[in-house]
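**Student:** For reference, the chains in residue letters:
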Amino acid sequence: MYGLVNKSIQELITTNFGKERWEIIKMKSEIKIDYFISTEPYDDSVTYQLAMAASEELNISVDEVLFTFGEWWILKTGNEKYGGLMKAGGTNLKEFLINLPLFHDRIMLIYPKLTPPEFKIDGIEDKALVVHYFSRREGLVGFMKGLLSGLGKLFETPVEIIHLYGRENGHDHEAFKVSW
Amino acid sequence: MNKNEPHIDLKKKHLDRTFPFHFAISKDKKILFLGPSLFKMLGDVKGKSVDDLFFIERPKETDFDLDLWSKSSSKTFLLKRNAENATLFRGQFEYFEEQELLVFLGSPWFSSIEELVSNDLSISDFAALDPLVDLLHLIKNQELVTADLKELIETISHQKESLENLSYVASANLDGIIYTDAEGIITYANEGYLRQTQYDLSEMIGKDPIEIGRGKETQKEELKKMLESFFKKEPYKVELKHYKKDGTWFWARVNGQAVLDKKGEFLHYFTLVEDVTEEKISKNKIQEFEETFRQVLEFSGDNVWEHDFRTNKTSFSNKAKNFLGLKFDQSTNLEEVWYSHIFQEDYPILVENDLKYKRGEISSHQLEYRMLHEDGSIKWVKDRGIVIEKDPNGIPLKIIGTHSDITEQKNAEKELISLNKKLGSVLNELKDVIWSVSYPDLSGIFFTPSAEDLFELDMDTLMEDTSWRRKIIHSEDLHVLDTILEEVQENKEYIQEYRIITPSKKLKWVQEKGKLIFEDGKPVRINGILVDISERKKTEALLENQEKLKNILIDISSTYINIDLDEVDTSINASLKKIGEFVNADRAYIFSYDLTAHTCSCTHEWCGPGISREIENTQDVPLEYVPQWLDAHSQGQPFSVKDVSKLKEMGLDGLYEILEPQGIKSLIAIPMMFKEELMGFVGFDSVNNQHTYSQKEIELLFVFAQMLVNVQKRKQSEMRLFQQEEKFRNIISNMNLGLLEVDLNEHVLHANQTFCQMAGYELEDFIGRKATDLLLNESDKEKLLIKSESRRRGISDSYELKYKRPNGEYRWWFISGAPNYNDKNELIGSIGIHLDITDQKRLEEELIRQREEAEKSKRAKETFFANMSHEIRTPMNAIVGMGEQLAKSAQNDQQNKYIKAIQDSANHLMVIIKDILDLSKLEAGKMTIEAIGFKPKDVIEHTFGMMKAKAESKGLDYDIINYDSRINDILIGDPIRISQILLNLLSNAIKFTEKGKVVLQCHFISETKNEQEIKFTVIDTGIGMEDSFVKSNFEKYVQEDTTITRKFGGTGLGLSISKELVQLMGGHMQIESQKGLGTIVSVNFKFQKGQESDLPIEDSTSINQALLKGKKILVVDDNEFNRLVATTILEQNEMLTITAKNGEEAIRAAKDHSLDLILMDVQMPVMDGIMATKVIREELQSKIPIVALTAFAMKGDREKYLSLGMDDFLAKPFQEKDLLNLISRLLIGSQPEITNFTDVVAPSKSLFSLEELENIARGNTEFMDKMIQLFHTSVMVSAEQAMKEFEKGDFDQVRKLVHKIKPSIKMLKIQEISEEVIEIEKEIVEQQKSERMIYLMNHLDQVLHLVAKDLKSTNK
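Going down the list, the protein sequences come from chains W and E. Taking the UniProt record's numbering, I'd label the letters of the first sequence as residues 1 to 180. Taking the UniProt record's numbering, I'd label the letters of the second sequence as residues 1 to 1356.
So here's chain E without its partners, still in its complex pose:
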């Protein structure tokens, strides 16, 4: 080894990095060490023989023998693994003499990257200097490129193929195709064009098509068209003569079109040249043929037409002579015109024909159809046609044909048919008889078969001779035969109507018409017609009769409309005559029924000539004579007798005896009914002849009867009206009602006596004078004018008026005024009825005065109660308070006993006050009932427990039994009032029971899904009550007897208050009592079922002695005792007190001292508590807690005081614990000094949490500071603003501000108000200053201030 040679220490790690696939072998061919990547491939092969692992692939025939050791150096070796995959390794061997080892430096040689991967190797297994991976990458790339190229070649060869195909198409085309460039120079021409033109391609290329094809006869116009289109790059189509190389020409149809690339850029011009010479020649031939054909056709029809199916065009040869009256010009669409003139019904014929042609079903046609002439007439057309050109499929391309006018021919045909028809029907179908007889002998020539039916004679008889005519004609009408003959001679024709009587005795009316027929100037026969007109005659008779009937009805009706009642009788008589004559009666009459007297009497009668009058004999006829009469009439039916002589046979002897002597043969009597009332009847007798009444006649008689009824009714009602008027007139004059009628100008028309007396004037004073001027003062006049104005509009009304009589006396009038109309319904003034109501007025005034008195006294009572409450509570405060204090310091039993007596008395008095207050509330309807959740069991047990001591002290058996377990744990109601009621019942029971038991029961009665009915029962064995007292409903202030009060005490109000409370709560109370045995009082209530969440949250604040200690409290009260009570309690609880007698002193004290809290009486002289609070809050800007003390203990007071700036409210007299509780609550956290007590006070739960904010800030203190600062500036400002708006009453503003605060509250997790703030936002606009909202707003303010303060200290 040459020492000068640079030498480096090559460590294994260097080899590992540079040749990670190296391995070293010792002389004994054992693997000594190997690189990490090789290790990865082979595993731990240390110590194994290299021969087992590899053999040398190249150089050939080399072993791992010693030769290798000496021959090392730069030779490349390829090693192959002795393994299945036989991986190749490429590298070189380096011999390290000193170490006597041979090192292989190389790396595996993969043919693809996939192979590399399949050996679980990756780039990182190769040394950075090893380019193998890159080589493989390149190989991969090469593959991709090859793939790309393959794809590209495929695409190109495909395109090439398509192009070739295209070019085959072009060159194979028989027509000529040329491509020209933008200048028009030919760049390509196909075989077809070369053939057409006889040029070679080489002669063609570089020239333009015009140069090639233009000749002498080439149409210049077409060329011009072609060139224009070419330069505009527009497609064109021309037909022209194209010359060939040899100077001949062919007809060429040339189609040219520019070919553009995708972007619309010009590529070349494509031109198709068709040789149409043959086509042209054959076309010309066809044209010539058609011309000839048309000429031929024109001889055969009025018009020759031609239709081309390809162009859908029709042409007419003979337009001028068209027979539809049409005028054509060049532009007329003949087919359209023709089709529009086809008679609508025939249209389908043509359509169908057209379709048949188009379908190739026919090749000629012949149709007849109708057309409308311009003048509106109908023309018949014969339309014939034939195909003259067809396509290869046999479908016609062109047809030609003729139109011929066949109208006349058609009409003649039609006429003939119609004539045939007529004759046929005349002969066979007509009922009428058509006949013909010879003239003048009149023997029968011809009769239609209907003659047999008409005359009921056979044809032989009819034809035999004329004798039958005389036999058959009605004897009275025989004269017509002569008449007919006369008329025939005179007029040659005749019409006669006459009757015949057929062999079967039928009477028929016939009409006979006849006409003398001449032949060769001589009359030879009479032709005629006989028509049976019996029906017509019958109808005519009927119509005549009806007409008559109608006239009579109109006549009678008009008689009775507007008839003067005085003329009624005369008119009725006339009508009887008219009707009687119409129905051919001999006597007509009217009877009225008197059903009470059971008689009937004749009131009107008409007798025909020679008929005796019966009216005198027919008065008060007993109805039993004519029972059948009455029966029929009662049912609204007419009574009729067709034949009086037959009455006896029918067993109606009585009737026969009446009618027969009067010579009556038949009669009819129609009832006269008004609604259900039978008034009488109208009857008609036939004396001379028997008469059967037709339905029409009966109907007429009914109408007549009804008219008579109406007239009678009118008469009656007018009578009644008259009587009524009379009656009212009498009433008015007898009832002391003053009646005054005035005209439209208020001038008096009439005044009755009473009115004159009422007004104090004589009638003469009134008449003609203006009532208003005379009777009224100015203001009343105005009132009256308004009234008269309303009268003009038809309004009636009543009003009161104070009237001053001429003697100065005032009278009250009640006036009913109404508009006054005359007979013609014209307003002529008004009418007033006047009633003197002075006495009632006085009574009314007295009543109003009394009611006012009563209300005044009720108000006085309320005020009294309120004042009494205050007046009694104030000293009671002292008594209760001092009593409590005194009890604490009592020295001995005697004193205790006295104190107890005082406290008991005080408590008793409090109960009485409470009762009175409750009562006054109940009476004023101001008692409100709560609906809150409560636990019924707790309430009952608590109430029961309250009275336990008392019951036991009397030695009573006192128990709750039967508390029903089905009663819901929580109900919704007013637990205080329930307790109050039960307490009252229990205390009464105990009070009135000397021995035995008092038991309280609670029963479950029923339930629904939401409700339970509960019954409380208090049973005692006490003195009981008389039944009458129980029924008296417990009048207030009443005990059963006055000794009770003395003996048992009490106000006597308890039970009646309880009862009212029960009612107020929707329940009911029941009392059963027996004097001397005891009483059972039960109360039933229905309660809603409640849940835990319905229970009110209990105020858990407790008295915190440590907190209270040393606090400085200002007691403000004008009442010395009250001050003393308060200060004593406060001082005993180690608080410092300052007192003030009124508001002014309080303000001064608040200025001079550092106070913790103020107890503020409300009503005080000099300055009251409310004003003082206002000054403290506004002028002193102090937020010191102020508690209102008041003896006016009414519901809603708390809200009132809170809204006035106070923090809470306490009713006097108060209990010590209540006061301390309240003070504790207000002082917690509200005073800065609280921090002094933090070590004493149990740590209260933090109001807020910065956790969330810290989470967001992630240690960013700057952010935290900023956020907290924002709370002070933004949130607190908003909160204060919200409070201000709340005071002002802008609740929407409050809602907005609260909404603004809400997120901060959430972020700071101020749990105490997080729900409340949502409630405020939701409810404030609706609830406004409700108790709840006042509380919530104050609470929000308080809590936020506390949080703000705490945040300040945290932030320091």
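The following block holds chain W by itself, in its conformation from the complex:
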């Protein structure tokens, strides 16, 4: 993952729990990186290790860490750093979600070293749709849920997210039903 993801985690933790806790978490994660550069790709394991260490240190589940991080990513990192881009992605939740596959396709082009996840949207209803999430990475369901929840908050549209199925029950990808 690019450094900006890990940077975002760092921000999330320092903002909410203080720098000391971030240092403890970083120490527990046993990663030996002092400074994340946003556009530099880092191994995915760095992100997992950080999430697990945070879970251990803050005494919350890994899923919860990832969920919180997902929301943070959208509401803080996305909104503050890429505000324009986010807004360009659509004027409302539905539009944004529908544009999501295109958005990531572009990201793939922009960041050649990144393996962005692939999205597919179907089951579009008036107030619901299904987001299919294809990723090489496993275990990021909580992150995904947090992202979707964060998007709901960004567009001031309360959402309900149901994890329809995923790898843990034999599918090749994760599917989430987002209703609002």
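Just so you know, the hints here were simulated from the structure itself, not pulled from any lab data. In this text the structure is predicted, and so the values were computed from the model without any measurement. One should not assume that every hint holds.
[As the list claims (entries may be wrong)] Here are the simulated PhoX-like cross-link-like pairs (lysine-lysine), alpha carbons at most 20 Å apart as the crow flies:
hint	chain 1	residue 1	chain 2	residue 2
1	E	Lys140	W	Lys113
2	W	Lys81	E	Lys140
3	E	Lys537	E	Lys548
[Said to hold, decoys possible] Far from chain E, some chain W residues (derived; all Cβ distances over 12 Å):
hint	residue
4	Arg21
5	Pro117
6	Arg167
7	His171
Glycine included, each C-beta is placed from N, C-alpha and C at the ideal position.
Following the hints, complete the assembly by docking chain E onto the known chain W.
**Tutor:** Here is chain E on its own, set in the frame of chain W:
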């Protein structure tokens, strides 16, 4: 246009998708059409001139003129909007010849994504091929990266700064700092080290510090220590000689420490080298100075000490000679030892001194304090000290001083002070006189001032000459003067005690001590002391007197303790003498009062020598002679006369006349009181001298008087005891009580005459023989032995014994036995008093027999009533039933009249039976009163209405008046019994009233929060009752006179039953009646207030003719009439009937026919209904409804029959509607055939609902089937099991099973039992087989079976 050129039709929609910002202009520069995204930005600009909208930014100086049309092709154009925000558009123009239009293919060019957003555009407004958004993204990214880098650079430069600062610190340090690697090779050295060593850095790097600094005199030990620590990566500190480049050296203090990174890995070794040469030199100097100083000090004190505040260590120079007896060695903490030996009170002195030093307040000290020597003695120490080293703030670092032993000096000082003090007090403060006189002329040299007080003479007189001594000494004691002189000569000293009489005539006792003083071998003076010992002498006299008193008291007390009563008089006389002598009396005497005769007499007298006896003259002295005597004594006060000669003056002439002739000068008389009783007095006369009694003497006399009282009382009580014994002995012998005394082995010691007569033996037969052997049979002997055993434990008791006299006659004895003790309180056997109770026994037996008889007859009565009930009810069933049927088929009025007469008679008879049954229940205490909710108004109106016809037929004025509206709508009570009482009162009133009125009143009396008191009154103008009858309390079976029965009918029980019922309900009944005028009966009740929910749920089942039609009913009854009644009713209601005469026939019928219901009589010959039901249920496995018919109509029957497997119960005789009602109720839903009637029967509310289950299933029929199947297998099995456990009585098991069923009932919404099942679960363990539980369990079973059946049909 080249026809070979590939050609495609480009439609507007294609342009819209690929170039959503395109627009087309015509030759006249008007916008023809535009793309949707441009439309979004510009709005509808169709037809507008392109010049108004855009101008061409690049290429410069290009217009939308015709040139453009021809010059189109691949050139890039930048258009700018003619608007405030002047958005740039980048693209190219394509000319379409055929259409003569110019199309701009491009898109807006934003410099940032924010600008894009501010134009209300989003990704979807751009063509998929348009990379603008991505470009903007990249720009954004670049910004972020730049921000990251900035941050990183800031962080790095900050760190760099910190590092630089650190390095400045290191190099600026005056001390030497070196870094070495793990091998000890120098990697860095600061300026300081270079200066210290005179080397260049280049010479230094790559070498190790030992190579650099070691020289000839470098301490090898320190080096070794340093190296060891270095390789262990431990910190070290050494001081050694460090050589310089020029071969000289300096003292170096070397501190080394390994520096580790965060993970604990070795980075380098940090070493600090301090040049401490100067320090070393000055230290040495100080040491030398101190040594000298100490030597000087040692001359000035016993011990020289030194204290270092930095190390807090104290050292002593002269340990061996320490004066505290301590032994020190190297390890002794001297300060601790010293402090622990400081005398506790002086400790604060040292602490304070120490603090002063530490605060820098003093720089020297001199203290004196006490220390404890090892041998326990106290040593005074002079402690002097001075600061010899201070820190820059003036705070001492080291002090030195001396300890000197000044104990002797101190002691001498102390002694001197104490001596001064003593002298001062001797002179001025002492009461005693210290004196000194010359010897041998004895003229005064010196007297302390106290001499003036003692002798009441001034100092001049005392000093003048010695003549005053002879004057002042008591004449009787003058001889001491000679004695003193003799003793002085012989012993050189003396002690004498003598009396003086002062000028003011005070008698004083003094003690004089004197000692002859020699100077130069010659006696020159006598020194001495005079002490006033008057108080001591007084105390001694007093003590002596008290001692004497005590002895007398002890003497007298011991005389009277355990005194043999025969010796009392002698002893009293002796005591009188003793006491008399003690108080210096001449006569002592005792008088006893006879207050009834109003006299007193002397009983004892003692006279001193030469005193005449008066005892003979002082018998029966009238008390009026000595009234004052009696007055004082009655109040418990002594009577005393101090001086008889003065009595006349005091106006006591009478007393004077009595005392004076006896030569009495003074007297005292002490009362002898026992509690409040005045018994007499003890008196003392003084004949020779007048005598005033002291308080002590009076106290003694009182004690003596009390002893005399006690002795007299003892005498009296012994007399009484003797008399009592006598009395009891007489009682026993006169009362026909047999007395038997036996020893511990049951041998007879004594038997009185009565006992001998009772036992039928002579006394000689008993004595010495074992009473048990002689008197008792074997079983009684055992009983007796147990008794004697308990006697040994001091237990007394009574028992009865059947005794066989020698002549064979049996007698009953009542025996009271008690342990028998001798004078010494030793158990010596037992004593028994025997009373012949044969007659009482017989009487008792007779009484028991009679009581049994009475109970037997009472039981017989109960049985009779029960049987009568049955016997009468059975034919009555036929009469009532047939009467009803006959009434339906009556042909004419005449017949109707006859039938009515029959029915009336039958009803009357039923009332009588009911009365009798009620009465028997009341008598047996089996009448129970319900407490259920009822509407009082309904009950009263209904009851009133029942008697209305009767009243009206007699032409009476019949009315309810005053129904008080305050009466609660619902009360809690027994409406049936209230109705019964009111009915009785009303029917009596109507019965006994020929004309006038019968009125019922209901008054509200009072209420509390929960209760109301109501009064019902029935007033009639009938024949009334005699007062005596009213007061007779309405005995049962009694009417006022026998003609009444004949005239008015009735059992005469009604009123008395009503009265008892009223009492049973906690109310009371009042009757006022006047013969010939009428009667007022009122009944008061207190009822709890009730609510709607307290009302019983009414049984709403109605007779369903359609349901009944064609049902096949088996009527089982041994009584033909009863069978007929039942079959007639059933057949009239179009049911089919089969009859059976007993249980056996019933079983056969049940086997042979398909029946719907069985009416089963309970009591039948051959096989009763209960057994038959058991067989039908268990052997035939039939669940056919069975109704018990019984004439034994008692409360609780229903439960009994239900528990026996029947479904319900009906008491005979029954009403047609009751029977039909019951059958209807039981047949609803209980028979499969019911489905045949579904079209006829009004559809009843469904018992259950599958709604919830369907909601869950959501069309999953498989699930539904499974759930329903589960109901049959699980729920029904549990329900059946529950019923079985209920029968067995395992109620906890029932509760568990019912609990298991509960959720299914809820899910299937079986409303009818949903509440009940909760009630069962909650109550079953406590209520067990209560009426309610039996009902609930049966109902549960029934309903569940119905549901199961319905579910089966639904499920098909």
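**Student:** Against each hint, give a clear statement of whether it holds in the structure.
**Tutor:** Status of the hints after comparison with the structure:
1. For the hint pairing Lys140 of chain E with Lys113 of chain W, the CA-to-CA distance comes to about 17 Å; that is within 20 Å, so the pair holds.
2. Our distance criterion of 20 Å between C-alpha atoms is met by Lys81 of chain W and Lys140 of chain E, whose separation comes to about 9 Å.
3. Of the supplied pair hints, the one linking Lys537 of chain E and Lys548 of chain E holds, its CA atoms being roughly 17 Å apart against a limit of 20 Å.
4. Every CB of chain E is more than 12 Å from the CB of Arg21 of chain W (nearest about 17 Å), matching its label as outside the interface.
5. No Cβ of chain E comes within 12 Å of the Cβ of Pro117 of chain W; the nearest lies about 17 Å off, and the non-interface call holds.
6. Non-interface call for Arg167 of chain W relative to chain E: holds, since the shortest CB-CB distance, roughly 29 Å, exceeds 12 Å.
7. Under the 12 Å C-beta cut-off, the non-interface status given to His171 of chain W relative to chain E holds; the minimum distance is some 24 Å.
Hint compliance for this structure: no hint is broken.
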